[in-house]
Amino acid sequence: MGKKLSYILTFIVMFLFWILLSAWQLYPDTPGKFDAIHISQGIAAAALTTYLSRRVIFDLSKKWYVKFLRAIPYVAWELWQIVLANLDVAYRALHPKMPLDPVVVEFETPLRSDLALTFMANSITLTPGTITIMVEPEKGKFVVHAIDRKLAKPLVVDQTMQKKLAYVFMEGRHDSST
Amino acid sequence: MEALHVISAIFMFAGCFFMISGAIGIIRFPDFYTRLHAAGKCDTLGEVLIILGFMIYQGLSFLTIKLFFLSFFILLANPVGTHALIKAAYVTGVKMWRREENG
Numbered sequence: 001m002g003k004k005l006s007y008i009l010t011f012i013v014m015f016l017f018w019i020l021l022s023a024w025q026l027y028p029d030t031p032g033k034f035d036a037i038h039i040s041q042g043i044a045a046a047a048l049t050t051y052l053s054r055r056v057i058f059d060l061s062k063k064w065y066v067k068f069l070r071a072i073p074y075v076a077w078e079l080w081q082i083v084l085a086n087l088d089v090a091y092r093a094l095h096p097k098m099p100l101d102p103v104v105v106e107f108e109t110p111l112r113s114d115l116a117l118t119f120m121a122n123s124i125t126l127t128p129g130t131i132t133i134m135v136e137p138e139k140g141k142f143v144v145h146a147i148d149r150k151l152a153k154p155l156v157v158d159q160t161m162q163k164k165l166a167y168v169f170m171e172g173r174h175d176s177s178t
Numbered sequence: 179m180e181a182l183h184v185i186s187a188i189f190m191f192a193g194c195f196f197m198i199s200g201a202i203g204i205i206r207f208p209d210f211y212t213r214l215h216a217a218g219k220c221d222t223l224g225e226v227l228i229i230l231g232f233m234i235y236q237g238l239s240f241l242t243i244k245l246f247f248l249s250f251f252i253l254l255a256n257p258v259g260t261h262a263l264i265k266a267a268y269v270t271g272v273k274m275w276r277r278e279e280n281g
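Residue numbers (the numbering used here), protein chains in the order written: chain A, 1 to 178; chain B, 179 to 281.
A portion of the hints provided could be inaccurate.
Only some residues are given here: those of chain A computed to face chain B with a beta carbon under 8 Å [to be verified]:
#, residue
1, L20
2, I133
3, K164
Everything labelled a hint here was simulated from the structure, so no lab data went into it. Beta carbons: idealized from backbone N, C-alpha and C, even for Gly.
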């Protein structure tokens, strides 16, 4: 049941996205070419994309709506971190002495699922001064390049991001579903 | 209407500032890894801010929705590209610049 639902949802999203990409002809006043041939082409393209990305788009596992709701404040926090990261890189690039102190750090996280690990890797790359080098999914281990020793601290010592993501995806010690 | 134009111009100039500082960083930073910091981060926010400026300038239309999706995909794809590059460099053993060795 869940699998069928996720197929249907993926197809609907793909088809709506196709309409969005084709709808430029509706704007500003020209009539769009929404006749039988074009719509059937769109349906075929959406079906093909649904088949290719059948396991990617919708992860309708347990309590996915809770994860979705919890992800919203996390994404807002992440956008703010992106701004901070850019100010940091701009400061380092424009500073006459270039205050750099690169270091590679490793740490383990309680995260295991693919989606959580992907979120974590992308978030590390976007937050100030750190880029994910490698991820080992079995142990939830991350190898991270930091542009400055101090900027690796929030990840290794405080573990702010791991805790936030463990809360969002309900994994590890912050598992509230058990 | 004029106020919206001013706001969109501010967003576009902020985006340009980040893109330029990213470019300066790519030139000035000492090795591949630190250069990727400049490229991967500044490009993300710079592009998104410029697109946000376009969105505000355009008002609500199909173009705005498309631009929104464009910025969304940049936010998703840019870190992945940066990660792919840095992993390839790390696995093949590109030398890392360190503060102690170079004073």
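To see whether the hints hold, each was checked on the structure:
1. L20: Hint on A/L20: holds, closest Cβ of chain B at ~6 Å, below 8 Å.
2. I133: Interface hint status for A/I133: holds (5 Å vs cutoff 8 Å).
3. K164: violated, 17 Å
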